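K.L.:
Read off the chains here:
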Amino acid sequence: MNTPPLIASVPAWGEVLDTLLLRASATSTTVVLGTALLGFAAGVIGVFALLRKRALVCDALSHATLPGLCIAFIVGSALGVNGMSMPLLLAGAACTGVLAVLAINAILRHTRLREDAAIGIVLSVFFAAGVVGLSYAQDPNNVSSSAAGLGHFIFGQAAAMRRHEVWMMGGLAITSVLAALLLLKEFAMVCFNDAFARVTGWRVGLIDLMMMALVVLVTVAGLQAVGLVLVIAMLIIPPVAARFWTERLPVLIALAGALGALGGYIGAVLSSLVENQPAGAVIVLTSGGVFLISMLLAPTRGVFAVLRRRWALRLRIAREHLLELACERGTAGSLTQADIQRVAQLRGWSGFTARIVLLSLRSRKEITRTGTTIALTPSGAARGERVRRNHALWERYLVRYADVAPSHVDWSVDQVEHVLSDELIAELETELASVTAGAP
Amino acid sequence: MTFSIPVDLFPLSAAVLASIACALLGNFLVLRRMSLMGDAISHSVLPGLVIAFMIASSRSPLVMFLGAAIAGALTVVLVEVVKRLGRVEPGAAMGVVFSVLFALGVLLIEQSRSSGVDLDASCVLHGQLETLVWWSADAPNSLAGLWSSDTLRAVPRQVWTLLVMAALSLVFVVGFFKEMRIASFDPALATTQGFSAGGMHYALMLFVAGATVAAFEAVGSILVIAMLICPGATARLLTDRLSTQIVWSVAIAIASALLGYFGATMIPGWFDRAPVNAAGTMGVTSGVLLVATIFASPSHGVIARMLRRTAMARTVALEDLLASLYRAREAGEQGVPIDSVPTRVCKRARARGFVERANGSITLTPTGEAEAATLVRRHRLWEHYLVDRAGFAPDHVHAPAEILEHTGLGPETGPETDPHGRIIP
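Read top to bottom, the protein sequences are chains A and B.
Quick note on the numbering used here: the first sequence kicks off at 8 and runs consecutively.
Quick note on the numbering used here: the second sequence kicks off at 2 and runs consecutively.
Worth double-checking, as some hints may not be accurate.
[Said to hold, decoys possible] Label-pair ranges, simulated between beta-carbon atoms:
1) B/ALA305 - A/ARG317: 49 to 59 angstroms
2) A/PRO306 - B/GLY392: 52 to 62 angstroms
3) A/GLY355 - B/VAL78: 23 to 33 angstroms
4) B/THR193 - A/LEU109: 40 to 50 angstroms
5) A/LEU216 - B/THR414: 52 to 62 angstroms
6) B/ARG34 - A/LEU216: 54 to 64 angstroms
7) A/VAL281 - B/PRO299: 55 to 65 angstroms
8) A/GLN344 - B/SER197: 38 to 48 angstroms
9) B/TRP161 - A/GLY355: 32 to 42 angstroms
10) A/ALA220 - B/ALA305: 27 to 37 angstroms
11) A/TRP209 - B/SER61: 50 to 60 angstroms
12) B/LEU207 - A/GLY378: 50 to 60 angstroms
13) B/SER197 - A/ARG349: 33 to 43 angstroms
14) B/THR193 - A/LEU304: 36 to 46 angstroms
[What the hints assert, rightly or not] Stretch-level coverage of chain B by chain A, calculated; a stretch enters the list once three of its residues show a Cβ under 8 angstroms from a Cβ in chain A:
15) 73-87
16) 275-285
17) 293-306
Everything labelled a hint here was simulated from the structure, so no lab data went into it.
Keep in mind it's a predicted model, so treat the numbers as computed, not measured.
The beta carbon of each residue, even a glycine, is placed where N, CA and C say it ideally should be.
Model the full structure from these sequences, guided by the hints.
P.N.:
Right, dumping it as structure tokens:
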């Protein structure tokens, strides 16, 4: 079998650099700037769509713009206006997009269908209507003017972006930033606690409406560049990616805008360099890459960070179990291989885990090893004693205040003893002042 | 309506079979609130299809199915991973996963097109139902002519695939009906009954991916969503029984396929226009049927509910009038002035012979008296019950009893007086 090369021609580095630095042809500069601005606006507005849990409503909205485009084209052509005039098409798109959102709300209010079904129904039925309209508009017998460009709205055609459209994208970016700044408090209120917003007198419906209007604006602006199927990605992916890096709303908004712009920028550069690359898809894949990096590498919420913390905790607990055992045996802390094997069996450690635990203890200078026996260092012994004391205190507390039978406390205490904070220990000590350490 | 076998037979059977397969599975998607998983899968099987196609460079249904099944399973797993590991809200997780996979599919299609592979991004969206015509020249023109072995040989691959998929879905839904029902309504119970609810979940997802792929060539990836969700959702508004719902959904699916298919040629034909995209009209038809059901469903429809509410309001108004007349008589008044009563309520009461009018006031007739007595009896029994058994304060029971009196029948025997000391008739 003759496998064709995946990428027809690999561009030279100089060309890549030129496009990146906007020194290439005026067209590609226009496209790159335009999509970056669009990505910025979409990222900022997408934050609110994400926090309001409207991600898929936005998807339905963008799919539902297709019938509007077709109707605007057909009606425009029939009235003798240029059917492909951009303001006309985008106005049509906005109308059916808004209609779709209203339809979802109406289905939710008047039937027992759930939100998922309502979104799926509206998305697919509106899109079906758009497909019918498209096949009607593209038949030259039906409509006099050519509908060749209409199909481009589905997958987008960023390369067709013109200079004045870049200004439009710039205006959109400024609008979205202004809206985010001016309405930050209102949007945050509605996103995080709409019930509270309602009882404190905010007009939640109105605020939702403004939010939706901004989404419609971004969607309609993005139709031409990335297409209506993928515009959802520009709205949702940057905020979701930014969410991994921060817990603060203003930072989230700024970051989502920046990541959106980055995705649009790199995506447009890539697609302008290689032939046969649909810009929309490349932009979405670039954002997808940004998302993947964020999900894996973000310092506190990222997958690696979470796993590392989890492993560190488990390792600490394992270490403490071993130290605790050594102290409990009262032999001034020495352990034989057999002891370690017994702990491993009891805790379900593999031989590998046991070795890791020992290694970690030695590197922390809490044990020393002489031949086959293992002895605790003073710091190791102190820690073991502390864990033992925590264990005893918590056991006492459970028996005395939580009415747990003395024969049932040991196992649950084994989990808790490692995570008691210093304040809690101090409190327990004063609470149980009469009690000296030891088993109940 | 014209039906020509060479042109219409195969597209129509493809449409009907695809609708049936999707509708059967869609019932469970709607029920389990996973409609959007169907949406996500139908978007993201695209890269699976294209990659399978590029590797095998054939459109063999098995290879395509394999590619799509892998992509479908990957979608389900990825959404789970993003949701769990990234702690992302489910809708957004789905949006991220399927839009990225769909973008990958679009990119791959564009790449493969440059290398001469015959796949087209736009047929991904609207399908190619119209290309399924019976190409051979000796295609029969009458139904009688179909009874020959040539017919079997002429059936296009897509129709066979859809036939198999519809049959498999039917076997799955009928054969595992009990398991799917329990797993959908009560996953924990399913697990205690000894079969895995998670397993059923993945089996359903696999079938959805399969049906999506089979239907995708005929109607396109986004319109598959309409076929999956609309019939099940429509049937859900017609009945409360799952088995009945499934039967309804299949009937609705067949109806949308037939009406949509013929609508695509017929309606433009009235205006001397060329046919429009049949897959699109099928989607629109299923939407129209859904809207019609939302309004006209006898059990859950907007109109039925409105009528029930109006009937209830009339009954309540009439009963309130009778009760107030009864109380007036108890208080020793001779009737109630007629202009203190809404004319329509008064008219209805007179038509049923409950009240009569004399000297500008209305009074109860003997039948009206009996009716009013049972009503006031119910009111006072409720008051008694609320104070005696439900621990209400005597001065707080009138309002709830005023509502409750219109429902239920009181017992034959009971206490003599209500909490306010009035006699219970």
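K.L.:
Each hint needs a verdict: does it hold in this structure or not?
P.N.:
For each hint, the structure was consulted:
1. B/ALA305 - A/ARG317: 49 to 59 angstroms: 54 angstroms, holds
2. A/PRO306 - B/GLY392: 52 to 62 angstroms: For B/GLY392 against A/PRO306, whose Cβ atoms are near 58 angstroms apart, the range 52 to 62 angstroms holds.
3. A/GLY355 - B/VAL78: 23 to 33 angstroms: For A/GLY355 and B/VAL78 the Cβ distance comes to about 27 angstroms; the hint holds.
4. B/THR193 - A/LEU109: 40 to 50 angstroms: 44 angstroms, holds
5. A/LEU216 - B/THR414: 52 to 62 angstroms: At 59 angstroms between Cβs, range holds.
6. B/ARG34 - A/LEU216: 54 to 64 angstroms: Because 26 angstroms falls outside the window, the suggested range is violated.
7. A/VAL281 - B/PRO299: 55 to 65 angstroms: 59 angstroms, holds
8. A/GLN344 - B/SER197: 38 to 48 angstroms: Hint holds: Cβ distance 42 angstroms, inside 38 to 48 angstroms.
9. B/TRP161 - A/GLY355: 32 to 42 angstroms: 53 angstroms, violated
10. A/ALA220 - B/ALA305: 27 to 37 angstroms: About 35 angstroms separates the Cβ atoms of A/ALA220 and B/ALA305, which means 27 to 37 angstroms holds.
11. A/TRP209 - B/SER61: 50 to 60 angstroms: 59 angstroms, holds
12. B/LEU207 - A/GLY378: 50 to 60 angstroms: Holds: the Cβ-Cβ distance is about 58 angstroms, inside 50 to 60 angstroms.
13. B/SER197 - A/ARG349: 33 to 43 angstroms: 36 angstroms, holds
14. B/THR193 - A/LEU304: 36 to 46 angstroms: 41 angstroms, holds
15. 73-87: holds (count 3)
16. 275-285: holds (count 9)
17. 293-306: Check passed, 3 qualifying residues.
The structure fails to meet hints 6 and 9 from the earlier list, while all remaining hints are met.
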